[in-house]
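Protein chains in written order, with our numbering: chain B, 1 to 354; chain E, 1 to 354.
In short, the hints are calculated from the structure, not lab data.
As the structure is a prediction and not an experimental result, all values here were calculated from the model.
Do not rely on the hints blindly, as some may be mistaken.
Since copy identity is lost for identical chains, a pair holds within one copy or between any two.
Listed next, the in silico DSS-like pairs over lysine-lysine satisfying Cα-Cα at most 27 Å (straight line) [unchecked claim]:
{"id": "1", "residue 1": "Lys96", "residue 2": "Lys213"}
{"id": "2", "residue 1": "Lys183", "residue 2": "Lys279"}
{"id": "3", "residue 1": "Lys50", "residue 2": "Lys149"}
Below are the chains, spelled out letter by letter.
There are 2 protein chains.
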Amino acid sequence: MSTIVNDIEVIKANHTKIHDIDFNNLKFGHVFSDHMLECDYKDGKWHTPKVVPYAPISLDPSAKIFHYGQSIFEGMKAYKDEDDNILLFRPLDNFKRLNISAKRLAIPELPEAFFMDGLKTLLKVDSDWIPKKEGSSLYIRPFIFATGKGFHASPADEYKFIISTAPSGAYFAGKVKVLIEEKYSRSANGGVGFAKAGGNYAGQFYPTQLAVKKGYQQVIWTDDNTHEYIEEAGAMNIFVRINDTLITGPTSDRILDGITRKSIIELAKTEGIPVEVRKITVSEVVEAAKNGTLKEMFGAGTAAVISPIAGFGYKNEDFDLPELENTFASSLKKRITDIQTNKAEDPFGWRYKV
Amino acid sequence: MSTIVNDIEVIKANHTKIHDIDFNNLKFGHVFSDHMLECDYKDGKWHTPKVVPYAPISLDPSAKIFHYGQSIFEGMKAYKDEDDNILLFRPLDNFKRLNISAKRLAIPELPEAFFMDGLKTLLKVDSDWIPKKEGSSLYIRPFIFATGKGFHASPADEYKFIISTAPSGAYFAGKVKVLIEEKYSRSANGGVGFAKAGGNYAGQFYPTQLAVKKGYQQVIWTDDNTHEYIEEAGAMNIFVRINDTLITGPTSDRILDGITRKSIIELAKTEGIPVEVRKITVSEVVEAAKNGTLKEMFGAGTAAVISPIAGFGYKNEDFDLPELENTFASSLKKRITDIQTNKAEDPFGWRYKV
Ligand SMILES: Cc1ncc(COP(=O)(O)O)c(C=O)c1O
Ligand SMILES: Cc1ncc(COP(=O)(O)O)c(C=O)c1O
Chain B
1 MSTIVNDIEV IKANHTKIHD IDFNNLKFGH VFSDHMLECD YKDGKWHTPK
51 VVPYAPISLD PSAKIFHYGQ SIFEGMKAYK DEDDNILLFR PLDNFKRLNI
101 SAKRLAIPEL PEAFFMDGLK TLLKVDSDWI PKKEGSSLYI RPFIFATGKG
151 FHASPADEYK FIISTAPSGA YFAGKVKVLI EEKYSRSANG GVGFAKAGGN
201 YAGQFYPTQL AVKKGYQQVI WTDDNTHEYI EEAGAMNIFV RINDTLITGP
251 TSDRILDGIT RKSIIELAKT EGIPVEVRKI TVSEVVEAAK NGTLKEMFGA
301 GTAAVISPIA GFGYKNEDFD LPELENTFAS SLKKRITDIQ TNKAEDPFGW
351 RYKV
Chain E
1 MSTIVNDIEV IKANHTKIHD IDFNNLKFGH VFSDHMLECD YKDGKWHTPK
51 VVPYAPISLD PSAKIFHYGQ SIFEGMKAYK DEDDNILLFR PLDNFKRLNI
101 SAKRLAIPEL PEAFFMDGLK TLLKVDSDWI PKKEGSSLYI RPFIFATGKG
151 FHASPADEYK FIISTAPSGA YFAGKVKVLI EEKYSRSANG GVGFAKAGGN
201 YAGQFYPTQL AVKKGYQQVI WTDDNTHEYI EEAGAMNIFV RINDTLITGP
251 TSDRILDGIT RKSIIELAKT EGIPVEVRKI TVSEVVEAAK NGTLKEMFGA
301 GTAAVISPIA GFGYKNEDFD LPELENTFAS SLKKRITDIQ TNKAEDPFGW
351 RYKV
């Protein structure tokens with residue numbers, strides 16, 4: 001049986017899995033809500049999406065996703081406020097970035113209405129899946145991949161766009177130690193680093209495994225040419241606080257233009273925190289760590305929100321960061337999550353009521 | 001009903017599609033044989049492969065292949081000689097390279113027997129699919145992708161290895177014009193360019209589309225830092241002939257170590273052709289084109305075999321290559337295909353009888 005919500009057809013699941021879920025002990029991205037949005041590109045256009053039960057996808061073995069890595073994704077979160085309003089954070093920015101990624105990966109761009117109406121309908125249908133516990137949220141994963149067939153290294157003629165959601169707890173358990181990378185790289189000049197392309201992530205796994213073996217949780221990527229500049233982490237942009245100035249690298253064709261990053265830059269300014277957007281060298285960070293002016297480092301991203309970095313490794317040396325009482329990280333994290341969850345005013349117009 | 005061949009279980013398709021195929025007009029990688037090899041990694045190990053009917057694969061929407069690009073592949077060809085022997089070319093090199101790719105993409109390495117016995121069994125079962133027409137062959141596509149679930153940027157815990165085959169004609173129709181790239185890049189230092197990782201290919205599609213719009217068929221990639229050095233093409237290594245010397249760039253962590261490339265280097269030596277393996281600058285190629293010492297350029301790869309390049313574009317200028325009578329490309333192509341198809345002696349031990 002199907003109904004129509006916001007012009008989108010909804011085919012409901014026969015039974016809900018929601019009672020199997022312990023909402024007080026949610027991991028990240030581990031259990032999936034009852035429904036998903038599904039939308040197909042074929043015959044040269046995107047067709048109207050549908051909300052359907054979350055179910056396996058069937059693909060030809062020659063589907064290009066398996067061979068040529070044509071896939072992109074986004075990461076967003078939905079929250080519920082006291083009055084059970086469903087809230088998003090700057091969703092149009094995710095939509096725009098999805099299409100920036102699409103273009104670079106030769107994937108046909110998606111119409112805005114299919115994304116926004118589809119997402120809103122999906123969230124209404126699965127609104128019971130949005131956790132209300134502090135620190136939890138409904139993680140939203142929009143993604144597009146090549147379903148078109150053939151062993152020929154060229155763009156596919158068919159694609160699938162899906163939005164699936166997962167009630168989630170914190171991304172990292174506890175503080176994070178990072179390794180500043182000297183050998184491996186995440187992206188090339190003129191490459192796809194600025195896109196949320198699947199292949200960017202797979203390439204990070206092996207160097208990250210090596211870092212994990214040495215006792216770190218994440219790698220901080222540096223430029224592939226000199227390894228002298230700090231770029232970003234696996235799924236977070238990086239901020240460094242030297243004395244009382246907050247510094248983050250400029251985005252480029254190698255670095256993702258993070259929505260959390262740019263929100264933090266604006267928030268910090270309104271808090272009177274001096275912010276510099278400029279290249280950061282590894283040596284100045286090491287120097288600042290040695291002379292005590294390095295006060296904080298943190299990662300910023302939708303999944304991890306703001307993740308304080310407890311220390312970093314570089315060239316077989318370990319550097320610990322001080323344990324301050326009042327950090328930029330904690331005050332900025334409180335401000336951004338208060339805006340996201342409707343606990344504070346939103347002078348920026350970032351919050352989006354579904 | 002299932003039988004056992006080479007220790008591998010074979011589940012036969014109920015009917016064959018072979019009579020629908022026009023073996024005289026084969027495109028490349030477009031139609032697929034009746035069976036495929038399927039092998040799963042779970043519970044920490046690869047399980048014995050099976051030959052099964054070619055059929056769709058069912059995957060959870062959160063399978064990591066869709067999100068994090070964890071996929072690798074190989075490309076090989078099978079031939080039949082006059083006596084209907086099934087022949088491969090240096091298959092162990094493909095197996096080894098698959099595991100080199102696997103390691104870099106944090107995919108568990110595959111046991112040699114699963115690859116080789118699986119492949120041989122599959123080829124015996126589908127031996128009628130191996131074209132005998134000159135210039136045609138059975139293209140073989142071994143690939144591995146992440147089936148494990150979860151929206152978390154970390155290696156999957158489950159994978160699928162498949163070998164599928166496609167009776168194929170020529171990869172390119174006619175001569176190829178290439179554009180030497182000045183802006184976009186294929187791979188980073190310390191990246192995954194040397195691996196046959198899916199993401200390497202998707203990243204090339206958009207710049208290649210731009211080149212196609214300008215009238216070229218392929219892009220010649222240059223290094224991402226200076227764009228001054230010739231690296232390789234989308235699915236081919238590149239050779240340049242200046243006067244009577246054949247030159248090809250050295251492999252690196254940005255460039256695929258092609259099996260055709262290394263075979264050509266050896267063949268050329270036995271033919272008395274001087275071969276240099278060294279960095280090639282774009283400016284020397286342009287210079288040689290201008291002063292008439294650039295005699296040939298060609299791409300070398302399993303799919304395209306040896307593909308003569310008719311001309312190249314660089315900085316809005318077009319350079320045509322001369323049309324010679326007896327080219328290195330044509331004599332080397334004849335030698336390598338004669339070895340592959342058992343029309344000539346194989347002093348190197350490259351040919352492999354199944
Ligand atoms: C590589 C990378 N950098 C940075 C980010 C942070 O971006 P955002 O704040 O938009 O989530 C992400 C995750 O989304 C990412 O994958
Ligand atoms: C990027 C790239 N370079 C070169 C080659 C040629 O390698 P091989 O001769 O082993 O097929 C291929 C194709 O296999 C390739 O994908």
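Give the relationship of Lys50 and Lys149 under a CA distance limit of 27 Å: within one copy only, between copies only, both, or neither.
Both: 23 Å inside a copy, 23 Å across copies.
Homomeric proximity label, Lys183 with Lys279: Cα distance no greater than 27 Å
both (19 Å within a copy, 21 Å between copies)
Which holds for Lys96 with Lys213 at a C-alpha limit of 27 Å: within a copy, between copies, both or neither?
between (37 Å within a copy, 25 Å between copies)
Going down the numbered hints, you'll see the structure goes against none, and every one checks out.
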